[in-house]
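Student: What follows is each chain in one-letter form.
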Amino acid sequence: MTTTSLTSSRGAGRAGDKVFSGATLAAGCLILAVLFGVALFLVVQAFPALTASPDMIKGGEGFFAYIWPIVIGTLIAATIALVIATPIAIGVALFISHFAPRQLASGLGYVVDLLAAIPSVVYGAWGAAFLAKEISPAYNWLANNMGWLPIFQGPASATGKTILTAGIVLAVMILPIITSLTREIFLQTPKLHEEASLALGATRWEMIKMAVLPFARPGIISAVMLGLGRALGETMAVALVLSSGALTASLIQTGNQTIAAEIALNFPEASGIQVSTLIAAGLVLFVITLGVNMIARWIITRHKEFSGAN
Amino acid sequence: MTATLTPVKKRSALTKGQLPKWAPYLVLAVALVLGAAIMALIGFHAFGWGLVSAILFAAGLVGWSGAVEGSRKAKDKLATCLVVGSFLIALLPLVSVIWTVLVNGLPGLTDPGFLTTSMNGVTGAFDNKSVEEGAPVVGGIFHALIGTLLITLVATIISVPIGLLTAIYLVEYGNDRPLARSITFFVDVMTGIPSIVAGLFAAAFFFAIVGPGTKTGAVAAVALSVLMIPVVVRSSEEMLKIVPNELREAAYALGVRKWRTILKVVIPTAISGIASGVTLAIARVIGETAPILVTAGFATSINYNVFSGWMASLPTFIYTQILNPTSPSNPDPSSQRAWGAALVLIILVMLLNLIARLIARAFAPKTGR
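Chains A and B supply the protein sequences, listed in that same order.
Just so you know, we're using my numbering here: the first sequence kicks off at 9 and counts up by one.
Just so you know, we're using my numbering here: the second sequence kicks off at 110 and counts up by one.
Just so you know, not all the hints are guaranteed correct.
As the list claims (entries may be wrong) - The calculated SDA-like cross-link candidates involving lysine to any residue, where the alpha carbons are at most 25 Å apart (straight line), are:
{"hint": "1", "chain 1": "A", "residue 1": "K199", "chain 2": "B", "residue 2": "L160"}
{"hint": "2", "chain 1": "A", "residue 1": "K141", "chain 2": "B", "residue 2": "L160"}
{"hint": "3", "chain 1": "A", "residue 1": "K217", "chain 2": "A", "residue 2": "L116"}
{"hint": "4", "chain 1": "B", "residue 1": "K350", "chain 2": "A", "residue 2": "L33"}
{"hint": "5", "chain 1": "B", "residue 1": "K130", "chain 2": "B", "residue 2": "H154"}
{"hint": "6", "chain 1": "B", "residue 1": "K373", "chain 2": "A", "residue 2": "K199"}
Said to hold, decoys possible - Only some residues are given here: those of chain A computed to face chain B with a beta carbon under 7 Å:
{"hint": "7", "residue": "A23"}
{"hint": "8", "residue": "G30"}
{"hint": "9", "residue": "F72"}
{"hint": "10", "residue": "G241"}
{"hint": "11", "residue": "G290"}
{"hint": "12", "residue": "I296"}
{"hint": "13", "residue": "T297"}
{"hint": "14", "residue": "G299"}
In short, the hints are calculated from the structure, not lab data.
Bear in mind that the values here come from a model prediction, so they are computed numbers and not experimental data.
The beta-carbon is built from N, C-alpha and C at its ideal position, and this holds for glycine as well.
Please model the entire structure based on the sequences and the hints provided.
Tutor: In structure tokens form, the structure reads like this:
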């Protein structure tokens, strides 16, 4: 076996095998190194801000007093986006997978994917120039009629550049992600389950409620989590749409800020300790999104065997 | 209601308790008319008309169905209305964004010299003059276009080999080993890195290696590669996975080495999918703003060198023109330029998406042989 001409010939070919498999392995390891490097370099560059004396940080009260209002602002914006986008995305995904005529379905899916193709800065410009102006009468109405709710406390912003507008723009941006992921899962529902429930006399909605949704639940959860990760990190929509300010409970007043927008607005002119502060803020954002994404991926892998969603 | 119910009574016992086929159209017509009447009372607004009519349509159809067909069918109708309605709602922002960009962007795009000049030397005085005296808007996006193309090109050169080789490792050599599993997991996690964090990483990396304040096109390219690599890995992996195993086994049976098999059999079979995946990845990163903002600065003049000096790009150009107009007192020329650039950017991205589809179709493996 070891001495036959079949295995000993073409030494160059064997070297080629080694080199090629080594190259692919190196590329794979490089990716792990990059992700590790992202964390490492952020920590190294952020370190001065974490140890600096409190009065050197913007706001003059230390890093944590600086970071927590914008963490809350980030969460508020992402929550608004999720509350709006999730039901619509599930509806759109159901429409494409179970309601639209078969010939139209893939074309309609492509139309929704177009939403994902539009660059985020264009959404930001659209939100600032068009949506904010169109929606400010609605804010006035909310302030006048629903003002007793803390989140709709007046006076409403005259320009409409509020965290609610930013959240709506974010919702539009994460809609295609949640839609395409949930659509894939809905399409993977076992055909036999669907046909069995229809054969028992269920209406289409009862079939979806009893066969499709229970099957897709883990997939929907992870799709929403991935959308959340995207909404947390989205920069331009918020930087352009929101006129930022101090943390407030009201969604229709000027105020609040998100981490990503804070970095984008201040990084170009920052120097010295400010750079470290902003990189530290980026590190906080990285940790939050990493956590959200890992939970989402974990849910997907845990249910992989029977959902096939990945 | 009683008049519309009469045809139901004439039906055979088998179809009793069903709405006639034309019921949705009738309800739609009634809802549109009623909606128009309500809007006429409180002031006409096209969006409001659509909304009121949609609500009236859903209520009318569900109510009628509930009366004739029973609550189960009515619930089904309600769910259908909600699902179709959510699809229509999702279309609204798409149409609105494209319409806004077209209307605002065309004047900028058709401006002479918009695509061939840079913003070098364009000051607020020119903009004030164009607003006050009607002089043509000067300045263009040539520098930003060059910057975007160069940065994206360098990012592609970095990401495609790494991404493709990783995908080959995962599919051909990984065999579900712990390392392969962890690479898959972390590639998935990497897809979720916020773009601004990728920019900060590249900035922090070059600040540490080269020196503080390093902002060049190459830094931006590294930031974009961090975003692009996972997309390339995922799409190429999917494409390599669907290459039939029979092809590999046939090659092995002929005594072909594994690396020759991969290069000559597996990749050529999957090349269309890989190419379209790469094009989609380019389309994704070409519109990224935040990473370029923190890594390449914003230049106003043409810079062909990615390794030195600040570089402009289309997204950052749009961003700065909106947020910091060239002339603060007259922001109109700046916003005209921004919308023009936005139109160019959207056309670029749509073109890339189209190319990806064409590649996927044109080079798809021939079947039926």
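Student: Does K373(B) pair with K199(A) here, judged by a C-alpha cut-off of 25 Å?
Tutor: violated (38 Å)
Student: Given the hinted pair K217(A) and L116(A), is their alpha-carbon gap at most 25 Å?
Tutor: It holds: about 23 Å lies between the C-alpha atoms, which stays within 25 Å.
Student: Minimum Cβ distance from F72(A) to chain B below 7 Å?
Tutor: violated (19 Å)
Student: Does A23(A) meet its interface restraint, that is, does its C-beta lie within less than 7 Å of any C-beta in chain B?
Tutor: violated (10 Å)
Student: Is the interface hint for I296(A) satisfied, with its Cβ closer than 7 Å to some Cβ of chain B?
Tutor: Where the cut-off is 7 Å and the nearest Cβ of chain B is about 9 Å from I296(A), the hint is violated.
Student: Between K141(A) and L160(B), does the CA-CA distance stay at or below 25 Å?
Tutor: holds (19 Å)
Student: Between the alpha carbons of K199(A) and L160(B), is the straight-line distance 25 Å or under?
Tutor: Distance of about 35 Å is beyond 25 Å: violated.
Student: Does G290(A) hold up as a contact with chain B if the rule is Cβ-Cβ below 7 Å?
Tutor: With a minimum Cβ separation of about 4 Å from chain B (threshold 7 Å), the hint on G290(A) holds.
Student: Please verify that hint: G299(A), Cβ, nearest Cβ of chain B, below 7 Å or not.
Tutor: At 10 Å from the nearest chain B Cβ, G299(A) fails the 7 Å test, so the hint is violated.
Student: Does G241(A) hold up as a contact with chain B if the rule is Cβ-Cβ below 7 Å?
Tutor: holds (2 Å)
Student: Would you check the hint for K350(B) and L33(A), treating anything up to 25 Å between C-alpha atoms as holding?
Tutor: The given pair, whose Cα atoms are some 18 Å apart, holds under the 25 Å limit.
Student: Closer than 7 Å between Cβ atoms is the bar; does G30(A) clear it against chain B? Give me holds or violated.
Tutor: Violated - the Cβ of G30(A) stays beyond 7 Å from chain B, reaching only about 10 Å at its closest.
Comparing the model with each numbered hint stated earlier shows that hints 1, 5, 6, 7, 8, 9, 12 and 14 do not hold.
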